[in-house]
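*Asks:* Sequences and hints are given; from them, build the entire structure.
There are 2 protein chains.
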Amino acid sequence: MVEIAVMGYGTVGSGVVEVLHKHAESIAGRAKAQIHVKYILDLREFPGSPYEQKFTKSFEKILSDTDVRIVVEVMGGLHPAFDYVKACLEHGKSVVTSNKELVAAKGAELLKIAQKNNLNFLFEASVGGGIPIIRPISQCLAANEVVEIAGILNGTTNFILTKMIREKTTFEETLALAQKLGYAERNPAADVEGLDACRKICILASLAYGKHVYPEQVHTEGISGIRPADVEYAAAWGGVLKLIGQVKRMKNGKIQIIVCPMFLSRESQLANVDDVFNGILVRGDSTGDVVFYGKGAGKFPTASAVVADVIDCVKHFKARKYLYWDDGSADYVENYLDNHVSLYVRAVTDDETLAFQNIENQIGAVTRLTRKGADPGEIAFVTKQATERELRQGLKTLLGLGVQVQNTVRIGEL
Amino acid sequence: MVEIAVMGYGTVGSGVVEVLHKHAESIAGRAKAQIHVKYILDLREFPGSPYEQKFTKSFEKILSDTDVRIVVEVMGGLHPAFDYVKACLEHGKSVVTSNKELVAAKGAELLKIAQKNNLNFLFEASVGGGIPIIRPISQCLAANEVVEIAGILNGTTNFILTKMIREKTTFEETLALAQKLGYAERNPAADVEGLDACRKICILASLAYGKHVYPEQVHTEGISGIRPADVEYAAAWGGVLKLIGQVKRMKNGKIQIIVCPMFLSRESQLANVDDVFNGILVRGDSTGDVVFYGKGAGKFPTASAVVADVIDCVKHFKARKYLYWDDGSADYVENYLDNHVSLYVRAVTDDETLAFQNIENQIGAVTRLTRKGADPGEIAFVTKQATERELRQGLKTLLGLGVQVQNTVRIGEL
Chain A
0 MVEIAVMGYG
10 TVGSGVVEVL
20 HKHAESIAGR
30 AKAQIHVKYI
40 LDLREFPGSP
50 YEQKFTKSFE
60 KILSDTDVRI
70 VVEVMGGLHP
80 AFDYVKACLE
90 HGKSVVTSNK
100 ELVAAKGAEL
110 LKIAQKNNLN
120 FLFEASVGGG
130 IPIIRPISQC
140 LAANEVVEIA
150 GILNGTTNFI
160 LTKMIREKTT
170 FEETLALAQK
180 LGYAERNPAA
190 DVEGLDACRK
200 ICILASLAYG
210 KHVYPEQVHT
220 EGISGIRPAD
230 VEYAAAWGGV
240 LKLIGQVKRM
250 KNGKIQIIVC
260 PMFLSRESQL
270 ANVDDVFNGI
280 LVRGDSTGDV
290 VFYGKGAGKF
300 PTASAVVADV
310 IDCVKHFKAR
320 KYLYWDDGSA
330 DYVENYLDNH
340 VSLYVRAVTD
350 DETLAFQNIE
360 NQIGAVTRLT
370 RKGADPGEIA
380 FVTKQATERE
390 LRQGLKTLLG
400 LGVQVQNTVR
410 IGEL
Chain B
0 MVEIAVMGYG
10 TVGSGVVEVL
20 HKHAESIAGR
30 AKAQIHVKYI
40 LDLREFPGSP
50 YEQKFTKSFE
60 KILSDTDVRI
70 VVEVMGGLHP
80 AFDYVKACLE
90 HGKSVVTSNK
100 ELVAAKGAEL
110 LKIAQKNNLN
120 FLFEASVGGG
130 IPIIRPISQC
140 LAANEVVEIA
150 GILNGTTNFI
160 LTKMIREKTT
170 FEETLALAQK
180 LGYAERNPAA
190 DVEGLDACRK
200 ICILASLAYG
210 KHVYPEQVHT
220 EGISGIRPAD
230 VEYAAAWGGV
240 LKLIGQVKRM
250 KNGKIQIIVC
260 PMFLSRESQL
270 ANVDDVFNGI
280 LVRGDSTGDV
290 VFYGKGAGKF
300 PTASAVVADV
310 IDCVKHFKAR
320 KYLYWDDGSA
330 DYVENYLDNH
340 VSLYVRAVTD
350 DETLAFQNIE
360 NQIGAVTRLT
370 RKGADPGEIA
380 FVTKQATERE
390 LRQGLKTLLG
400 LGVQVQNTVR
410 IGEL
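Chains as they are written, first to last, in numbering that gives the first Met the number 0: chain A, 0 to 413; chain B, 0 to 413.
Simulated from the structure, these hints should not be mistaken for laboratory data. Treat the hints with care, as some may be off.
Pairs involving identical chains hold if they fit within one copy or between any two copies, as the list cannot separate such chains.
[Claimed, not checked] Taking lysine-lysine pairs in the DSS-like style, the calculated list, with each CA pair at most 25 Å apart, reads:
1) Lys167 to Lys253
2) Lys31 to Lys317
3) Lys371 to Lys85
4) Lys21 to Lys210
5) Lys247 to Lys21
6) Lys115 to Lys317
7) Lys317 to Lys111
8) Lys31 to Lys111
9) Lys60 to Lys383
10) Lys167 to Lys105
11) Lys167 to Lys371
12) Lys56 to Lys162
13) Lys53 to Lys31
14) Lys210 to Lys371
15) Lys383 to Lys247
16) Lys250 to Lys21
17) Lys395 to Lys317
18) Lys111 to Lys253
19) Lys56 to Lys85
20) Lys247 to Lys162
*Replies:* Following this line, the structure appears as structure tokens:
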């Protein structure tokens, strides 16, 4: 029998305990050992819970109990999760977490401690919920160079964008609906401003290229500035608007990484990933494109990914799973303004003909987009490819020439 | 350093040697050991090959060389592959294979020998080429009960069907094109008659439910009977026509498994898997639907999956990977005629009005489909759900009532 502790009894934590209970027999068969939850750490009281006896408010009790060989951290947040996880690894306990904030901020440091102590630190559930992605990238694609990873990594924003596209509603209306349905939190900033997606692409980038990428190194834009007009222009252009996290390795060893809304062609393998679903495209030099698709969040998908990691820990007490990356560095991420992009631009002007003359003078030929019911003076176009810096400078000069830019969205090449 | 042998220097075998050579450094980093190809077994001569020194025609030489710890079998076919693989496992060598025919026919037997000798027998490349699917099912979904697996498992037939849909060409024309492009073999039977897809769904079913399913137990229909009219009716019905391999566990412990063309709703997560791509849907009780998508064949996708298995072998000389299933049994597969299905039917009749009266009398209410340019007397409809046996019997009686059935396709519920 293997004793474990679960830290945090929220949505995911209670799901983990339930999955371990419900599938106890088949899990024992797969792990070749019974898995027994000895403690559940939570500061709250759960009177009447069938697991009442297991609850504790004392982390020290878990830490000092040498019977506990695996600790599941599903509290979320950076503190005290980081201190707890670090202490567990330093005390000879393997750790499984679903905490993307923790892995994105402290992954390299924790992996190093795990390696030193010959323990496992696993986090399949931190990206894509129940979609297996960490393991396929680290194992199955071991014989590939990863050329690029791009994904719809946040279900909340994908739900909002899908609704805006289908039902022509505003961002604010749709966010309110998402909150009502429980898909968005009362404070939706981490989702809608792209931070959640940013943490996930950081984890995938760190894993794929072996060097930590910190969220603060990544240019991140959310979807709160997206207007129905932008969604309509995306359709007029022949595509859809999605919030994408993307990373590519450059020839100079640096990486390009960004989180932002993008226009995707309808042919893109991510264009049909709708509603709360996530889709992650991994482009390998040998495998070509492989796409992983499923619900990226939710109690049971996430819990089952956590439990799968626990089973893997049990099976690998002797042979450590190879998951590792080095510390990051300040110059590892290319400035996003140096990336070559093409931009969709929505603007207003008093004089369309003159406006397009000026636009062409400042930033070269553009492809004009139109939509039914456009506001008076509204224009929209897609630029040629250039460095983002050049394009932004060109757009800035337009302000003095009677063209007020209202929104820009990058054109994704996926 | 780990010495390996590669048996078979065809498309996949030469890809394996090339990937091992090209990515030697990163592979050594991941495997924590250099991997060195000591022998390549092939009966043909490869004069001038950079690997000329490694070629041998003697399997005995490989078998008796105790330095060789891993053997890659990429010869294909059942014999002599089975005898060679069995002998390798009995002589203490782990085996990696891409040979679906071998795994589908002899998986349980070979896994048993591997287990007895504490060796690995890995076959990620046997299903889905470069798409990771064996490992995710066996590991990441360890905390799930697999409710159902359904997939587009054969790229050749998917290419043919996609072309038939888009370009309104006949099966025969499109097959000839696929052969010209190298997507279909000169003898295309294994692909177009569904046998290849059948082997793959057998492997997935065996893995997911722990008991061997043999290809001869699976009702298998290919696509050679599909006419452009059927493709058009699929569109009229609101979907697409795909060759699907599907398995579900029933409450009585048996399984329903079938390989056949199906109408899929456009909303289905497999409906947009086009061209030579494969898509595999795994429905877990906790994760919900997870879809894996990518190129299911090809030299480098398949080779990189083989190499990933080799790396895994090297990392797990001590801890065996848990891949196992039991022998099958004759009564394990439900007779497909007892499955509840709804059928699309295309028929000809001299008297449409009378025909639909008779149809309703024999098999109940149906949904009628129409298409532009239908042949004189051509009718098409979709039945209600019933057991396949009842529907087939009903259709048989129609022949005596002036309705000649020309083709039927099952309606997929995916």
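*Asks:* State for each hint whether it applies.
*Replies:* These are the hints, each one checked on the structure:
1. Lys167 to Lys253: Answer is neither; intra-copy 40 Å and inter-copy 47 Å both fail.
2. Lys31 to Lys317: both (14 Å within a copy, 16 Å between copies)
3. Lys371 to Lys85: Neither: 57 Å inside a copy, 68 Å across copies.
4. Lys21 to Lys210: between (38 Å within a copy, 22 Å between copies)
5. Lys247 to Lys21: between (41 Å within a copy, 20 Å between copies)
6. Lys115 to Lys317: Both: 14 Å inside a copy, 20 Å across copies.
7. Lys317 to Lys111: both (17 Å within a copy, 23 Å between copies)
8. Lys31 to Lys111: between (28 Å within a copy, 17 Å between copies)
9. Lys60 to Lys383: neither (61 Å within a copy, 61 Å between copies)
10. Lys167 to Lys105: neither (40 Å within a copy, 55 Å between copies)
11. Lys167 to Lys371: within (13 Å within a copy, 33 Å between copies)
12. Lys56 to Lys162: Neither: 42 Å inside a chain and 62 Å across chains, both beyond 25 Å.
13. Lys53 to Lys31: The answer is within: 23 Å in one copy meets 25 Å, while 41 Å across copies does not.
14. Lys210 to Lys371: neither (47 Å within a copy, 59 Å between copies)
15. Lys383 to Lys247: Classified as within: same-chain Cα gap 21 Å, cross-chain 50 Å, threshold 25 Å.
16. Lys250 to Lys21: For Lys250 and Lys21, only the inter-copy Cα distance (17 Å) is at most 25 Å; the intra-copy one is 49 Å.
17. Lys395 to Lys317: This pair counts as neither: shortest intra-copy Cα distance 59 Å, inter-copy 62 Å.
18. Lys111 to Lys253: within (22 Å within a copy, 47 Å between copies)
19. Lys56 to Lys85: For Lys56 and Lys85, the Cα distance is within 25 Å only inside one copy (18 Å; across copies 55 Å).
20. Lys247 to Lys162: neither (30 Å within a copy, 33 Å between copies)
Of the numbered hints listed earlier, those contradicted by the structure are 1, 3, 9, 10, 12, 14, 17, 20.
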